[in-house]
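Student: Sequence:
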Amino acid sequence: MRLQARRIEDPGAASALNEAVRRIASIALVHETLSSSSDNDVAFDTVLTTLITHALELSPRMGEITIMREGELGLLESRLATPLSLVVTELMHNALEHGLAEQGSTLSIKLARYSNECVVTIIDDGVGLPDAFDVSTSSNLGLQIVRTLTENELKGTLTLTSTDLGTTAVLRFPL
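Letter by letter, the sequence shown follows residues 1 to 175 in full-length UniProt numbering.
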């Protein structure tokens, strides 16, 4: 697909193919990382380190963006770790590709684990969301994937808030 994307003259089609390559690579990375665990439990914080490195390598502004991380989720059942990895990957990618595409330089990931739930907060200091943006009706494929995985696999909720100082995504899901 990468070869095809390089040969296509239509920038929109090339962008769509590159996006597909990125998603496939992310899914492969998640599955490779998770399949290396022989247990039902996955050290999610280790997985997240790999996902962050991968996201930075694919960022259009590689070298200009800092990803800060705070907190830990520890061991998660693989039934949660797999969809969570994909959701976090998509949210990081959206922040890097859209929120931080032209301004801002920091992406923060805050992790909190409580007795009955986990909370993952991703904050960028970029341009923010467009006016009247609604995550529940967005046609953005990445956000549709995030919504589906959050609701159906994680049984959780996602809220997006935005100001002119950036965007905050808060993902909550039960343990």
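Warning: the hint list may mix true and false statements.
[As the list claims (entries may be wrong)] Across the chosen pairs, the derived CB separations fall in these ranges:
(1) Gly71 - Thr157: 31 to 39 Å
(2) Asp164 - Thr66: 19 to 27 Å
(3) Asp164 - Ile24: 28 to 36 Å
(4) Leu75 - Glu32: 28 to 36 Å
(5) Arg61 - Asn116: 22 to 30 Å
(6) Ala132 - Gly12: 22 to 30 Å
(7) Thr137 - Glu57: 31 to 39 Å
(8) Ala20 - Glu153: 27 to 35 Å
(9) Arg7 - Lys110: 26 to 34 Å
(10) Arg69 - Glu151: 33 to 41 Å
For the record, the hints were derived by calculation from the structure and aren't laboratory data.
Backbone N, C-alpha and C fix where the C-beta goes; we use that ideal spot for every residue, glycine too.
Student: Just pull the numbers of the violated hints for me, sorted ascending.
Tutor: 1, 4, 5, 8, 9, 10
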